[in-house]
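A.B. asks: Next come the chains, spelled out residue by residue.
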Amino acid sequence: MAEYSVVGKSPIRLDALDKVTGEAKYCTDIKVPGMLYAKVLRSPYPHARIISIDTSKAEALPGVRAVVTGKDAPEKRYGGYIRDQHALCKFIVRHVGDAVAGVAADTLEIAERAVDLIDVKYEQLPAVYDLEEAWGTSPPAVVHPDLPKYEKFVAQGLYIHLDNDRPNVAHHHRVYHGDVEKGFKEADHIFESKFVVPRIQHVPFEPHICIIKPESNGSLTIWAGRQSIFRIKGHFCAAFNLPPSKVRVISSFYVGGGFGNKAMLRAEPVIALLAMKTKRPVRHAFTRDEMYTAGGTRIPMVVFIKDGVKKDGTIVAREMRVLLGIGGYADSGVLVCRNSSFGAIGTYKVPNMKLDSYAVYNNEPVVTPFRGFGSSQWIFAIESHMDMMAEKLGMDAVELRRKNVQREGDENGNGEIAHSHGARECLDKVAEYLEWGKPPAKAEGPWRRGKGLAIGNKYSVAPTSAMAIVRFWEDGTVEVRHNADEIGQGVNTAMAQIAVEELGGSMDKTIVRWGDTDTDSYFPQGSTSQRTTYQLGNAVYLAAQDAKRQIFELAAPKLKAKPEDLAIKAGKVFIKSDPSKSINATDIFTADRPIPPGQFGEYVPKYGEIIGRGMWVQNYAPENPDNGQIDPALARKGLRLVSFYGHSCQGAEVAVNTETGEVKLLKLGAASDMGFPINPKMCEQQMESGLIQGIGSALWEEVILDKGVVLNPNLRDYKIPDAVNMPKNENFKTFMTPAPHKDGPYGAKGCGETQMTPSAAVIANAVYNAVGVRIKQIPLTRERILKALKEREKSK
Amino acid sequence: MKHTLALKVNGQDYEVSIDPWRTLAWVLREEVGMTGVKMACDTGNCGSCTVLIDGKAVKSCIMLALQAAGKEVTTIEGLATAKGLHPLQQAFIDHFAVQCGFCTPGMILKAKAILDENPNPTEEEIREGLSGNLCRCTGYVKIVEAIMVARDQMKAAKTGKK
Amino acid sequence: MGPFEYFEPLSVKEAVSLLNKYGNKAKVLAGGTDLVSLLKDKTLSPEYVISIGKLTDLDYIKSDGKKGLRIGAMTTIRSIETSKHLKPINCVILCQAASQMASMSIRNVGTLAGNLCNASPSADMAPALLVLGASVKLVSASGERTLTLDEFFVGPGSTAIKPNELLTEIQIPVPPPHTGGSYIKYVTRGGEELALIGVAALLTIGADGVCSAARIALGAVAPTPVRATKTEKLLTGKKIDDTLVKKAAQTASDEASPIDDIRGSAEYRREMLKVFTRDAIKQAAEMAKSAA
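Protein chains in written order, with the working numbering: chain A, 644 to 1439; chain B, 254 to 415; chain C, 196 to 487.
Pulled out of the complex, with its shape left as it was, chain A reads as follows (with noise of 0.2 Å):
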């Protein structure tokens, strides 16, 4: 491996000293000179008509500068893939949370009683809760009559399918690869099981935050605390008909966490219909309780699977009908519903797969894109019944895996060509960790022990695109602006790191400018997908390659030498093939008079700054809309539906107390084969991160809902992992397995997403191994494991 100087290496974040000193600066910490506070008023019920909204009492209280309703909304819906939902609801509210009116006044108290003095009178509709029966040809209530006139777009690779038989369908996905009824037929034996899956919230730190000014051309600035500017600039543009020129999306500052959450509109549309009445900047944050109702949530899931396999283990069909929960509005559900069948699809040599999944309306709180976009769900399904399988087998639930799992140059059920595939090192490294095959110790009194483990996968998705400019200062100093969204996962260090490398800088003298669709370095989808180290990896190496051209341009006279015979490191510029003859970098740099001694340069010749531009596009081939299928060929020449795919194993060893439920995190692994780490503790992070996400949601996590109502929006009730649930950080490792990836910046993908997708399983197949209990819903209460080994109790 080619000797690098800064990435692979793990200098501390650019971001870190401000952070542990509170200067670090959050959407919710602006204040903009006359800025009004709003309230967005909520629907109450799952499913009813607005029949009236008097709002005189609201606006005649002091202080109202201008309350809003669906009349004030724009004709158009707008939505990411489906428009089907107005600024403000006009006629029909479709899940509790829904908005219904905004108010902006001069305090947020002011705004908050106003919006109780708005009379709203409804009819209340039958409403339909229950996926399977939502997505039912009879449903009790149907979410969207009007479906098939609303306007539907392709964007991501998906087109969207609806399904004439069920009207609460937003889309129907297939994925049909080989012939899976012959590969039933070729079975010995055949399982079939079904798992669920909640509604869990990401519980970003900070809640969804917006700013929204009109400026005096008529244009409007939006600083909102995001992930992805440019695709909240697209979908706000469109819903109000406005051309890219007028909306100018800022968030150049921190957000506090993602996780996916930020990556669509929320109340951006209300918001922007208060400052357009009021002609003054609004602010709107979001309550920790909204973040339940209308933040958005993980979609839950029903998975049935069906898996016919060899007597030695070879599965030879998988067959999977996966109903999604999408709420009230499509959101990026539909876009999940495509998308989490690449669960099923990038670990495991299947020859014939049918995958059907639906994106199902119901009167439920709306979802949004969850870090693992919907593939942690199916993964839950098909790793426990990977060990499900490898019991009746009488095999061992690694030795199946490995039997399995795709290598290098295999083909996957999209009908890609396997590359950068790690999952089978990653899988090794944990097994060897857990001392897989060695009996777990024995527990005292009531307590049981195990062991499980599982492998996950996330693709990044593609089409896709990355801008970046990278500067070279007259003092040397590395410029990196890009339009990636700083989340908390360290995107401005990585991305120095790589300006730094290539042009020869060092971390301490580095600038980081991002977070401005008005600036010049688009970045369509920002960051998610895991595609950040990537995709914007790779426009800032090109970048940093373009300053470096222009660079060694004009040193090459000085040191009378030709351009492509210079290299560049620790400042100095050189002739590769003779150290000794080199200038500083900064030498480059003239001035119309001469330079004092200790002073530096103030412009090259040509170009005036040295500023490189880079463009990373990402190849691709599409897929057959009906059966998932890229063409062969293009396989071949490997073209891929994906950018790449990240793959991870995770393992746990647990005690499992069978008088009360409780599971105790003994030992934790993770392991990544993100290509190349950037900086090696960055991907620890991640990895550290995505497991206890991950677990949360094994064992705690549910947004519990009675009727369309959230009964627990609140940190109290719904429960994220706390320090004391972890074990101690002895017993908690995690493992780099890089598998490069040819296009990758120094052959380095994403790693955060599939972190958290094998989870789930791992906890409840170390459950298993532990007390002999198969639980197929997560969370793993206590209260439900109690209850599944009474129950085999009395079975007995």
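Derived by calculation from the structure, the hints in this document are not laboratory data.
Idealized CB from N, CA, C, for every residue including glycine.
Among the clues, some could well be false.
[To be verified] Here are the simulated SDA-like cross-link-like pairs (lysine to any residue), alpha carbons at most 20 Å apart as the crow flies: (1) Lys1307/A to Lys954/A; (2) Lys255/B to Ser452/C; (3) Lys220/C to Leu233/C; (4) Lys484/C to Pro371/C; (5) Lys237/C to Trp274/B; (6) Lys208/C to Ser337/C; (7) Lys249/C to Asn371/B; (8) Lys279/C to Asn371/B; (9) Lys237/C to Asn1355/A; (10) Lys220/C to Trp274/B; (11) Lys484/C to Tyr243/C; (12) Lys255/B to Asp749/A; (13) Lys954/A to Pro994/A; (14) Lys257/C to Val287/C; (15) Lys477/C to Gly404/C; (16) Lys719/A to Lys792/A; (17) Lys425/C to Ser452/C; (18) Lys477/C to Trp1079/A; (19) Lys1430/A to Lys469/C; (20) Lys1307/A to Lys237/C; (21) Lys469/C to Lys954/A.
[Said to hold, decoys possible] To give an idea of the interface, some chain B residues facing chain A are shown, with a C-beta separation under 7 Å as derived from the structure: (22) Gln265; (23) Val269; (24) Ser270; (25) Cys353; (26) Cys356; (27) Thr357; (28) Leu368; (29) Leu383; (30) Leu387; (31) Arg389.
Following the hints, put chains B and C in place on chain A, whose structure we already have.
C.D. replies: This is chains B and C only, laid out in the frame that chain A set:
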């Protein structure tokens, strides 16, 4: 009726005129300008708004500002001295205990309260002490590691002085 | 939150006269960790908030032979948790209960009196105080009275305290020699959480191994924290052995009246009562043996 509240924040005296129902977190952010005080849950469950009052950790979002009258409040902005960062701040940087950063101020102040009370806590005691200060990004591994490192450094510095 | 008027009386007398004036339009704020949350989510909207934060002379833990143990209304949970006075007088169960409540940051501010007046069925200090036979001193403009805790708790969020009364002190008779106590809080995740159930046991066990007095109290399984009197009767006068403990645990489970809520089902709570009543009795018995 507005009340006049006098309190000391990070060693400086402040006098603000506030409605009595304002929380301490709100007053620190909006009136005193200490935006390092973060609010994530607003119900006293996450600990992001943790500040020190007379050296003790409290959740400032479930405390009225007037309850802090006459007391000494320390926010994250007051932790570093002219000599430099507090060992906890340095350890959080060096050991990658920071991701999105929203819980970080509260986490560091809670850690300070733990170490001030018990200069030699075990890892279990540190985790026990951190309970109620939640982090959604890190998995706590590196936070706990940073606190243990700071603990050892602070201990060594003390013995060194003797 | 708000609006409300805010008072900070400097004496009990002043506090009581404000309560006399504003009665049920007022709420008393001690540490505020419960009250401020309830004000924020508008569960409570009093017109007046009377902070007793300035009554620092109510911050005490005192014990003497005659009067027993007395804890002032402004004593924080953290002070109780770390108090060295309680172990020698067989009241370590209070430290144990205090240490399990919420988190350090909340225990630093929250008070024992506040925990009781908030009257949550899951209040962590209540079961321990119930088994200790605690009383509360209520002061009003017209005098003072003392209520036992059994009389004090009326329903969820509701106590026998009158709108013009201030709880100034918690009084605890010092348990007899050879008494041991244990409080177990059971939660569904671990960490800062509300109790799914709480079980307190206080046993006095003679040299002959016979339990001469038994008190059991349960939290979060009835509208108020309650004594499990049938269980107590079963244990009293008998030798504590595994069979008896098992029977007692079953009795406690049977006599509780838990409900289904988002934290757990009634059925699961009853199951857990069996497990943790057993454990609490066993621990209390162990401690009684080693107690002075």
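A.B. asks: If a hint holds in the structure, say so; if it doesn't, say that too.
C.D. replies: Here is how each hint holds up against the structure:
Among the hinted pairs, Lys1307/A with Lys954/A is inconsistent with the structure: their alpha-carbon atoms are about 35 Å apart, more than 20 Å. Proposed proximity of Lys255/B and Ser452/C is contradicted: the alpha carbons are some 46 Å apart, above 20 Å. Among the hinted pairs, Lys220/C with Leu233/C is consistent with the structure: their alpha-carbon atoms are about 15 Å apart, no more than 20 Å. Using a Cα cut-off of 20 Å, the hinted pair Lys484/C and Pro371/C holds, with the two alpha carbons roughly 13 Å apart.
Proposed proximity of Lys237/C and Trp274/B is supported: the alpha carbons are some 12 Å apart, at most 20 Å. At most 20 Å may separate the alpha-carbon atoms for a hinted pair to count; Lys208/C and Ser337/C meet this at roughly 11 Å. Taking the CA atoms of Lys249/C and Asn371/B, the gap is near 29 Å; set against the 20 Å cutoff, the hint is violated. Our distance criterion of 20 Å between C-alpha atoms is met by Lys279/C and Asn371/B, whose separation comes to about 16 Å.
A threshold of 20 Å between alpha carbons decides the hint, and for Lys237/C with Asn1355/A the separation of about 17 Å falls inside it, so the pair holds. Distance hint between Lys220/C and Trp274/B is fulfilled; the C-alpha atoms sit about 16 Å from each other, no more than 20 Å. Distance hint between Lys484/C and Tyr243/C is unfulfilled; the C-alpha atoms sit about 50 Å from each other, more than 20 Å. Annotation: proposed proximity of Lys255/B to Asp749/A holds, straight-line Cα distance about 18 Å (limit 20 Å).
About 16 Å separates the Cα atoms of Lys954/A and Pro994/A, which keeps this hinted pair within 20 Å; it holds. Between the alpha carbons of Lys257/C and Val287/C the distance comes to roughly 14 Å, so the proposed pair stays at or under 20 Å and holds. Of the pairs offered as hints, the one joining Lys477/C and Gly404/C holds, with about 13 Å between alpha carbons and a cut-off of 20 Å not exceeded. Restraint check: the Cα-Cα separation between Lys719/A and Lys792/A comes to about 12 Å, which is no more than 20 Å; the hinted pair holds.
Using a Cα cut-off of 20 Å, the hinted pair Lys425/C and Ser452/C holds, with the two alpha carbons roughly 13 Å apart. The suggested pairing of Lys477/C with Trp1079/A is violated, with an alpha-carbon distance near 38 Å, which exceeds 20 Å. A distance of roughly 15 Å separates the Cα atoms of Lys1430/A and Lys469/C; the hinted pair therefore holds under the 20 Å criterion. Among the hinted pairs, Lys1307/A with Lys237/C is inconsistent with the structure: their alpha-carbon atoms are about 37 Å apart, more than 20 Å.
The suggested pairing of Lys469/C with Lys954/A is violated, with an alpha-carbon distance near 46 Å, which exceeds 20 Å. The criterion of a C-beta within 7 Å of any C-beta in chain A is not met by Gln265/B, whose closest approach is roughly 15 Å, and the hint is violated. Residue-level restraint check for Val269/B is violated (minimum Cβ-Cβ distance to chain A is 16 Å; threshold 7 Å). Hint status for Ser270/B: violated, given a least beta-carbon distance of 15 Å to chain A, over 7 Å.
A least Cβ separation of about 3 Å between Cys353/B and chain A falls short of the 7 Å threshold, and the interface hint therefore holds. The interface hint given for Cys356/B is met, as the beta carbon of that residue sits about 6 Å from the closest beta carbon of chain A, less than 7 Å. Interface hint status for Thr357/B: upheld, as the beta-carbon distance to the closest one in chain A is roughly 5 Å, under 7 Å. Using the Cβ-Cβ criterion of 7 Å, the hint placing Leu368/B at the interface with chain A is not satisfied: the shortest such distance is roughly 15 Å.
Checking Leu383/B against chain A: minimum C-beta separation of about 4 Å stays under 7 Å; hint holds. The interface hint given for Leu387/B holds, since its Cβ lies 6 Å from the closest Cβ of chain A, which is under the 7 Å cut-off. Because the closest C-beta pair between Arg389/B and chain A is about 5 Å apart, less than 7 Å, the hint holds.
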